[in-house]
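K.L.:
Here is what each chain is made of, one letter per residue.
Protein chains: 2
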Amino acid sequence: MSSSSASALEIEIFQYIDAHQSDFIENLKEWVAVESDSVQPDLRKEVVRMMALAADRLAALGATVNLVNLGSHQLPDGQDLPLPPVILGELGKDPQNPTICFYGHVDVQPAKKEDGWNTDPYTLTEINGNLYGRGATDNKGPVLAWINAVETFRALKLVGNLWLSNKKPALTYGSRGNACFSVEVECGNKDLHSGTFGGIIHEPLMDLIALLDSLVDPTGRILIPGIYDSVAVLTEEERKLYESIEFDLEEHKNNSGVKKFLFGTKEEILLHLWRYPSLSIHGIEGAFHEPGIKTVIPAKVIGKFSIRQVPHMDLSVVKQQVVEHLEGVFSKRNSPNKLKVSMPLGAKPWLADVNDLSYKAARRAIKTVFGEDPDFIRDGSTIPVARMFQTITQKSVMMLPIGAADDGEHSQNEKISRHNYIEGTKLFAAFFLEISKLHRHLHETSHTETNN
Amino acid sequence: MSSSSASALEIEIFQYIDAHQSDFIENLKEWVAVESDSVQPDLRKEVVRMMALAADRLAALGATVNLVNLGSHQLPDGQDLPLPPVILGELGKDPQNPTICFYGHVDVQPAKKEDGWNTDPYTLTEINGNLYGRGATDNKGPVLAWINAVETFRALKLVGNLWLSNKKPALTYGSRGNACFSVEVECGNKDLHSGTFGGIIHEPLMDLIALLDSLVDPTGRILIPGIYDSVAVLTEEERKLYESIEFDLEEHKNNSGVKKFLFGTKEEILLHLWRYPSLSIHGIEGAFHEPGIKTVIPAKVIGKFSIRQVPHMDLSVVKQQVVEHLEGVFSKRNSPNKLKVSMPLGAKPWLADVNDLSYKAARRAIKTVFGEDPDFIRDGSTIPVARMFQTITQKSVMMLPIGAADDGEHSQNEKISRHNYIEGTKLFAAFFLEISKLHRHLHETSHTETNN
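Order-wise, the sequence lines are chains A and B.
Residue numbers for the first sequence follow our numbering, beginning at 13 and rising by one.
Residue numbers for the second sequence follow our numbering, beginning at 13 and rising by one.
In case anyone wonders, no lab produced these hints; they're calculated from the structure.
Since this is a predicted model, take the numbers as computed values, not measurements.
We treat Cβ as the ideally placed atom computed from N, Cα and C, and that holds for glycine.
Be careful, since some hints might not be right.
A partial selection of chain B residues facing chain A, derived with a Cβ cut-off under 8 Å [to be verified]:
hint: 1; residue: Gln-33
hint: 2; residue: Thr-111
hint: 3; residue: Ile-221
hint: 4; residue: Asp-391
hint: 5; residue: Pro-396
Covered stretches of chain A, as calculated for chain B (at least 3 residues, CB under 8 Å) [claimed, not checked]:
hint: 6; segment: 40–46
hint: 7; segment: 282–292
hint: 8; segment: 303–314
hint: 9; segment: 343–353
hint: 10; segment: 416–428
hint: 11; segment: 437–444
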């Protein structure tokens with residue numbers, strides 16, 4: 013798979029990686045087996061165990077490792093839950109060399125066999141060249157690919173998301189934010205029987221459904237007044253950028269399983285995924301959710317929805333608009349119930365400068381390993397830390413995905429292909445080499461310039 | 013508590029019952045301990061075990077007991093689940109004596125400690141004279157009260173539902189029906205990530221919420237066209253009947269925990285509970301329902317709601333009206349998703365003739381045990397079997413409740429008070445005596461008449 017443009021050094025590295033595929037996959041299997049689900053409170057200890065495993069692994073590479081305690085966070089029910097620690101690992105300290113900060117996560121979304129998985133989500137299972145398991149692509153696989161790359165360099169005594177298509181590599185320069193909302197409606201402290209109270213009370217679930225129904229129209233347009241006011245205006249230049257991107261609408265539709273998208277062209281779809289906000293409703297807590305029938309009027313229900321916001325929407329303004337809108341809709345219902353709107357999570361969108369050195373290095377590494385230029389893409393989902401890193405370090409942040417579009421992150425039957433995992437490991441190794449080359453070149457150039 | 017009008021025989025019976033309170037409560041404790049939840053498929057075996065226990069108990073009274081196999085029913089997921097057997101118990105066969113057919117159920121609604129119970133729902137716990145436990149009032153307690161009454165008669169060698177207020181006894185002569193609906197909206201076979209697909213697909217949960225939001229207006233009025241067409245017209249005479257009923261609106265509101273009802277007068281509340289239809293929404297299956305955040309777009313969601321219908325609404329007409337209404341709302345959304353509306357359960361309303369002999373006997377028994385006349389009431393909830401028995405036997409069916417209005421059937425912290433359980437046992441014993449007296453009187457009268 014390595015292109016003919018690879019150097020002898022690169023070929024040596026890539027051969028080492030090919031020869032150690034089984035080890036790399038065995039490592040991924042061990043990591044996937046840890047149920048590091050960070051949503052369910054009772055699995056928090058598994059997230060902590062996963063962090064310890066990852067720290068050990070970095071230490072084994074020779075890194076100085078610090079586990080930084082982040083304290084605890086409060087659950088909606090008032091319970092205090094310890095946050096998992098963050099690992100700070102450092103490998104080498106020579107100020108003459110460029111520093112690459114790699115970031116990834118090893119916690120995962122909830123997964124249960126009965127959600128519709130074909131295999132046990134926590135047992136990495138290879139079927140037709142795909143490695144199925146929760147976290148395989150999001151994000152344990154890619155984190156291990158970085159570690160594998162570093163391990164390769166050390167073994168040879170030389171010294172890290174998703175592509176847009178299933179085949180073509182990509183570089184990510186922006187992501188949407190995520191403002192998660194919780195809408196609680198309560199009539200009292202106990203559930204009621206629909207025979208004994210049906211028809212004489214304002215049912216909290218009816219109030220909630222009316223509130224949720226007021227958020228988006230059937231064309232996907234958000235109905236919250238003012239929500240589109242700060243969205244960056246689309247320039248003609250930007251629109252052209254979208255035209256050149258390789259994106260198979262049919263393939264994306266097949267990956268999703270849906271029959272029809274809200275929009276018919278590639279450009280509209282990408283614009284609505286990357287640079288326009290969207291609102292999704294996730295579910296309702298407190299109502300009857302099991303199979304079968306239960307003639308209950310739930311006393312307290314909590315609707316969950318989120319807005320993927322984009323530059324230059326302000327989180328506090330969005331929150332205010334949502335609260336005012338919902339309170340307005342609710343007050344028109346004359347309901348005696350209690351309404352509580354909160355935003356338990358607010359993550360900002362992120363946008364990077366694609367002319368930065370790291371983007372050039374990654375582009376070359378991709379060309380070496382995959383033999384073609386990457387697409388410059390944005391991500392519809394949220395990586396809050398990208399924005400945070402950029403703000404704090406004032407350096408360019410880049411996302412270098414190795415998973416494919418059909419990997420099913422956050423969904424049933426999540427996987428990463430063996431090919432993407434192993435070639436991804438090579439890509440990260442090649443990226444190290446390119447950064448090193450570009451840095452030397454830049455250093456020499458700037459040295460010359462200084463001498464002028 | 014026995015009124016002064018009790019005969020020597022009645023006093024002997026009541027004293028026996030008082031002396032055996034602890035045994036009767038111990039029996040209820042044993043029954044409550046069985047998790048005979050008929051909603052959750054994996055607890056079906058416990059329902060079957062409960063039926064076997066009840067059968068043993070009847071057999072110990074000397075009854076001939078038959079467990080009748082009812083076959084199985086199909087769950088929405090296609091799974092075939094065996095139905096619990098029905099117990100047919102017969103005690104005595106003398107055609108000269110009147111026959112009383114008693115019916116009750118010993119399966120229960122789901123209950124978990126974490127739903128908000130103060131005690132373990134399956135451990136009968138006495139606090140301040142109340143016996144807390146799932147099934148205590150609905151319907152294991154009342155079933156045992158009948159058995160206790162029969163046991164008392166046998167020990168002395170002599171031979172059910174809820175009151176409207178917390179204190180005054182009642183006789184029930186009607187109940188609403190229950191048409192349970194299931195509305196499924198599906199976009200594909202896997203859940204999607206709201207970052208990767210939010211803003212470009214028709215979310216099934218949004219479709220479902222719009223459908224559910226189209227059912228009822230904020231005043232509680234059902235918006236399905238034609239749904240009120242067959243509701244029996246309220247006569248002036250009927251309205252007057254409602255005026256005389258003892259019903260404490262404040263007390264009922266306190267029992268419910270809600271701040272305000274949809275209507276302000278006793279008559280309006282009772283009319284809307286007993287003789288007008290209501291629609292309640294119970295919940296959504298398939299969406300995110302746990303605490304915390306999950307940025308998922310669920311692929312298949314199933315809304316659950318039910319209509320408590322009244323005479324003379326026809327179930328098949330109601331079903332057709334619901335389906336047509338929902339399909340109409342759905343088609344206006346131009347959604348490519350799949351809609352499936354079904355009515356997994358349809359139970360008819362029931363209305364009895366209050367001038368029947370059994371009503372007279374019960375009225376007298378109540379006067380004897382509680383010293384006052386009962387209210388003649390209807391029940392907002394559904395007892396399908398009342399209607400069925402009436403249709404099949406062509407005899408008058410009566411419900412003789414012993415639980416109080418604040419017992420919390422189908423809710424957290426269900427209970428029956430020790431007082432109601434024990435005095436209820438006496439009531440059933442007194443009822444047997446009254447039936448016997450009235451029958452003898454009727455027999456003598458008709459004999460005389462025949463001789464004329």
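K.L.:
Does each hint hold? Answer for all of them.
P.N.:
Structure-based check of all given hints:
Interface hint at Gln-33 of chain B: violated, since its Cβ lies 28 Å from the closest Cβ of chain A, which is beyond the 8 Å cut-off. A cut of 8 Å between beta carbons decides the hint on Thr-111 of chain B: the least distance to chain A is about 29 Å, and the hint is violated. Because the closest C-beta pair between Ile-221 of chain B and chain A is about 5 Å apart, less than 8 Å, the hint holds. At its closest, the beta carbon of Asp-391 of chain B sits 7 Å from a beta carbon of chain A; the interface hint therefore holds under the 8 Å criterion.
At about 12 Å, the closest approach between the beta carbon of Pro-396 of chain B and any beta carbon in chain A exceeds 8 Å, and the interface hint on this residue is violated. By the rule of at least three residues with a Cβ nearer than 8 Å to a Cβ of chain B, the coverage given for the segment 40–46 of chain A is violated, with 0 such residues. For a cut-off of 8 Å, the count of residues in the segment 282–292 of chain A with a CB near a CB of chain B stands at 7, and the three-residue condition holds. Check on the segment 303–314 of chain A: 9 of its residues sit with their Cβ under 8 Å from a Cβ of chain B, so the three-residue criterion for coverage holds.
Counting residues of the segment 343–353 of chain A whose CB lies closer than 8 Å to any CB of chain B gives 6, so the stated coverage by that chain holds, three being the minimum. For a cut-off of 8 Å, the count of residues in the segment 416–428 of chain A with a CB near a CB of chain B stands at 6, and the three-residue condition holds. Figure legend: the segment 437–444 of chain A, annotated as covered by chain B; annotation inconsistent (0 residues with Cβ-Cβ distances under 8 Å, at least 3 required).
In the structure shown, a violation is registered for the earlier hints numbered 1, 2, 5, 6 and 11, in ascending order.
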